[in-house]
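*Asks:* Line order of the protein sequences matches chains A and B.
Per the numbering used here, the first sequence runs over residues 1 to 406.
Per the numbering used here, the second sequence runs over residues 407 to 639.
Calculated directly from the structure, the hints in this document are not laboratory data.
Treat the hints loosely; a few may be bogus.
Said to hold, decoys possible - Now the in silico label distances, taken between C-beta atoms and shown as ranges:
id: 1; chain 1: A; residue 1: Asp396; chain 2: B; residue 2: Ser527; range: 34 to 44 Å
id: 2; chain 1: A; residue 1: Asp396; chain 2: B; residue 2: Asp430; range: 26 to 36 Å
id: 3; chain 1: A; residue 1: Phe269; chain 2: B; residue 2: Gly538; range: 55 to 65 Å
id: 4; chain 1: B; residue 1: Arg545; chain 2: A; residue 2: Ile285; range: 22 to 32 Å
id: 5; chain 1: B; residue 1: His528; chain 2: A; residue 2: Asp396; range: 35 to 45 Å
id: 6; chain 1: B; residue 1: Lys583; chain 2: A; residue 2: Thr377; range: 54 to 64 Å
id: 7; chain 1: B; residue 1: Gln486; chain 2: A; residue 2: Lys393; range: 14 to 24 Å
id: 8; chain 1: A; residue 1: Ile324; chain 2: B; residue 2: Gln486; range: 31 to 41 Å
id: 9; chain 1: B; residue 1: Ser582; chain 2: A; residue 2: Leu328; range: 54 to 64 Å
id: 10; chain 1: A; residue 1: Lys393; chain 2: B; residue 2: His528; range: 35 to 45 Å
id: 11; chain 1: B; residue 1: Glu472; chain 2: A; residue 2: Phe269; range: 49 to 59 Å
id: 12; chain 1: A; residue 1: Ile270; chain 2: B; residue 2: His528; range: 52 to 62 Å
Quick reminder that beta carbons are idealized off the backbone N, C-alpha and C, glycines included.
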Amino acid sequence: MKYILSIALKNILRSKRRTILTFMMLTFSVVFYIILSGMYAGMDKSSFENLIEFDTGHIKIRKADFNEEIPYSTDNIISDTTALVKKLSTYSFITGYTERFHFFAELDNGMDVTPVVVTGFDSKRDKDVFTLEKFIVEGTYDKSGAIMGIELAQNMNLSLGDIFYITFRNVDGSYVSIEVPVTAILFAADPMTNSQKVFLDLEIVKNIMGSQGATEVTIKTDNLDKASVYSQSLRENISGYDINSWQELSYEFSGVVNTKKKASNVILFIIMTIAMVGIVNTILISIYEKRREIGTLKAMGMIDSEVRNLFIAEGLFIGLAGSIIGSLVGALANIYFVYHGIDYSSISDQFASQSGAAIIGVIKSVWSFQDFFMIITLSTLASTLASYIPARKVMDMQPVDCLRTI
Amino acid sequence: MLLEIKKLNKSYHTGKIDFPALKDITLNIKKGEFTAFAGPSGSGKTTLLNCIGCLDRGESGEIILEGENIMGKKPNELAQIRKQSFGFIFQTYNLFPVLTIAENIEMPLKLLRVHSAEEISHMVNEMLQKVGLEGFSKRHPLELSGGQQQRVAIARALIKKPKIILADEPTANLDSKTGENIIGLMKELNHQEEVTFLFSTHDKMVMEQAGRLIKIHDGKITEDVTNGAKKKK
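If we strip away everything but chain B, and leave its shape as in the complex, we get (with noise of 0.2 Å):
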């Protein structure tokens, strides 16, 4: 198994209000998979992919990343399992304006410090090409349209295969069609490159091209469709 959940909870701390955010969250995870996590706003979807992606701490639970409880790990330890196992797209892009589009997929790379300068160029070239972006390596991000922008974040994501590649509603900042583009490559790359895909979204076109929809609700899963069949919570 590539993940297994077990008992997340996690609250968010408002003053004197506890507003709990993840209920006893329980999931496996198989590699390769191409997972939605949907729901309304609220409901839990992006605190558990950041719990996940070491990005948030769960209170209680267990988070174990191929064999390894990841629960309780210090600071830098995180960042060093971040580093290795995760690649993350976001709703807003977040690239980084002053370097080029070639710049910010290297990036990844760059700070794994394992590739030679030629081994990466020659990486960044072929994601480009995988992204559909060849020509566009020189260029900067404010340069480009939010499709082609989210398109060079996949590439980033990618760039240094990781175990498991985390969007958080990827596709809520595109028009419908782009959207269905960026779902289209991400299954794509999740197909060739056998990379898993932990998405969440609330787009029903979005869920319909998962493999496994999982459906969250108050922090709580409510559904888990793999493939059509239904196992209900």
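Next comes chain A alone, as it looks inside the complex (with noise of 0.2 Å):
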């Protein structure tokens, strides 16, 4: 076999131009494919970022009877947290809590209404969990005003220091307004709070809305990745609620990822079956040559099937050549879009609602080192697969007729 393989070797550098070209198709498809999935899974690791960032923390805990349908509804307000706070402090993978209180409400500038979703929260515990007032662009966070988000601001009309009204029902039913004034305007990565989310002190909440609860406890654990399993121990000491981790929370966006992921793949496969086609017409093209030499070969005693596993050896190099040197190549555009990224602040509401990523900005690429073994892997197997197709063809030809070519 070693022996096959070196001629092989050698039969493909002895047509260089060619040998190049189908390279460059295999290549080109494998650094397409490292660039789009590095850059998808990029867009996918900020996007499950703001949902942790922005929303779900690493567990959030709602009323046992959280209704999705309605997430804003009074009904899903728990009416007492103190007992439930003063359990969550006694585990030791939980490094910070925070109360929020969600509810739906109108905002009124004196010319125009819309409809936001008021949060209200603990400016000294959300830190513990979130970081809200990194993303503070304009002003600074005073208790007695609002923080807005800067697409809503901009599509109001208002700025820092300007008033606006917010009416809403408390849990009575009653219709309450009150004035508030804009102290600080925010930029955030996440779409939602941008362009729909007012920030109130969760202590003026709990009074205008006339409860002392709040419609989720958010906490942030010592990993992360074991959030699930932390959530699953909460389920099981603390009855009463829903407990759910992040990746719980995110399975609605994780669908939208698998998708994207089935049809980059199928991108992939368009891509892979051209470059597939360029190799079965390369080692035709190798055979038809080698007629002669294949004679000569059989000839001399190698076997049928030594002489097909010949050409498959040369499908198997240019698909390992084609997908290493892809991956390289790849590997040094995506150190580009690692670094950089891609900035679609312009387009970001329009690609936000299209991708189906909780995004906007820059979007950055990552590195997957599973993509890249998995293009090689995939590559040099799908060459080879090529490769046999029209080595197959060396089996029936007798070596007389391979002789007689002139």
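Build the complex from these two chains, which are given one at a time in their own frames, with help from the hints.
*Replies:* What follows is the structure, given as structure tokens:
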């Protein structure tokens, strides 16, 4: 076999131009896949980070009968969080927790009205779980005022110090309207936070809503990846609540990720098929050109399967070299995208809605060594398989017919 | 007897037309013979060599190599017989351009898989010396003249010490002087190595060098002359 491999290697180096062309087809496929999969993975990573950063935390605890269909309903309020919070402080894996109170309201700037989600947050405890204040681009947070997403502020023509009105129903069902000044504006990587959210002090929200509870308690743990294990542990020990890790809460988004993965696999399949056709063609030409050599090899006693393996080995080398070179070129190209990324700011809204990504601004690629390994293995296997089809032809060729070739 | 051929027939089929290439060929070859098959183009001499060398199949008759009928053997069995018993020299040399001279010559030994790398290297050097190509081992076939390439082909055919070397028009692509040298070399090696040489030719000079001359016409043996003793068919 070693001898056959060495002859095959010399054969592919013999027709350099053709080999390079075939390499390039395969290399292009691999480079394209590596950049695409890196960007997709980067997009997904950022999206998951945003979900954790702006919504789920590591683990989210809600009312036992929390209604996902009307998440901002007052029916979803945990009336008393004191006992729950006390229990949470006994778990060593919990590094921070905070209460949040979400409700649906209308924002009125005196001219226009728009629906918003108001979140009451505890500015002291919130820092242990979220990094909301990190995203403030104008002003500073003041308990008496509101933090508002930059897009919402722009749409409602509000700037720092401007007064607006929030109207909502409290737990009794009465309409309440309060006057709030804009004290800070934030630009978050999460499109929903930018365009639909207003943050108020938790105590103020509790007072105006007429409830001492909250809609959720969000937890940060010592290990993000073990969140599901921890949430299971909490479920076993704390009853009467809906307790979910970020992985469990993002299952819908995970579905989008899987769909995107399937779409990129379809693209990969199409490109790979084109490259494989190129390899079939290369091996066919190689067989046609080497008919006399095939005859000579058979005359010297090489059995049909060994001659066939010689051409399969050519396909294997083309696949291996093409995918390794492609991976190296792809890795070099990916360095740029990992460090600089692609700035989607100008099309972010449209992009976010079309891509299913909870992300805004610059999207950076990530390194996925699993993808590198997969694409090298897949291209080499596919190339070997592609060469098997024409190489089988060699089995049927009679030595005398090969030698007769002029 | 090294080789016995009994009533060998072979036809080529082109559409509905059958063209008989060999008609009831019967002959015996002893070990160490230096035999030429002569005849005009299309007479059947190449077909006969191909059938003897298991490159082509006869339709009827027997080809008995050292007592074993090789007709009707399976493709892989025929490949095994070719590997162990035959060496081939072609009109167009058929060397592998990507391999060096040494690599071309060692190829049959590599396929046999019975010799160590050291033994192979020693045998190649010895063979290069025998064919007068010492110092050419690292070169590639296209850097050599036609005569030199045919010498490499001879070395390649001879290195595994086959029972029979089959040479189809080995001098046809060479000028007369080089052709004479090649036949001289083959004859010398035939004596030295005691390997049987069967070759086809239509060159009179080459025919004169043969120990035995078998003339073929229209697929039939018409004359069989051994060392001047004619045996009319």
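*Asks:* With reference to the structure, classify each hint as holding or not holding.
*Replies:* Each hint tested on the structure:
{"no.": "1", "hint": "Asp396(A) x Ser527(B): 34 to 44 Å", "verdict": "holds (36 Å)"}
{"no.": "2", "hint": "Asp396(A) x Asp430(B): 26 to 36 Å", "verdict": "holds (30 Å)"}
{"no.": "3", "hint": "Phe269(A) x Gly538(B): 55 to 65 Å", "verdict": "holds (58 Å)"}
{"no.": "4", "hint": "Arg545(B) x Ile285(A): 22 to 32 Å", "verdict": "holds (27 Å)"}
{"no.": "5", "hint": "His528(B) x Asp396(A): 35 to 45 Å", "verdict": "holds (39 Å)"}
{"no.": "6", "hint": "Lys583(B) x Thr377(A): 54 to 64 Å", "verdict": "holds (58 Å)"}
{"no.": "7", "hint": "Gln486(B) x Lys393(A): 14 to 24 Å", "verdict": "holds (22 Å)"}
{"no.": "8", "hint": "Ile324(A) x Gln486(B): 31 to 41 Å", "verdict": "holds (38 Å)"}
{"no.": "9", "hint": "Ser582(B) x Leu328(A): 54 to 64 Å", "verdict": "holds (57 Å)"}
{"no.": "10", "hint": "Lys393(A) x His528(B): 35 to 45 Å", "verdict": "holds (38 Å)"}
{"no.": "11", "hint": "Glu472(B) x Phe269(A): 49 to 59 Å", "verdict": "holds (56 Å)"}
{"no.": "12", "hint": "Ile270(A) x His528(B): 52 to 62 Å", "verdict": "holds (55 Å)"}
Violated hints for the displayed structure: none, as all numbered hints are satisfied.
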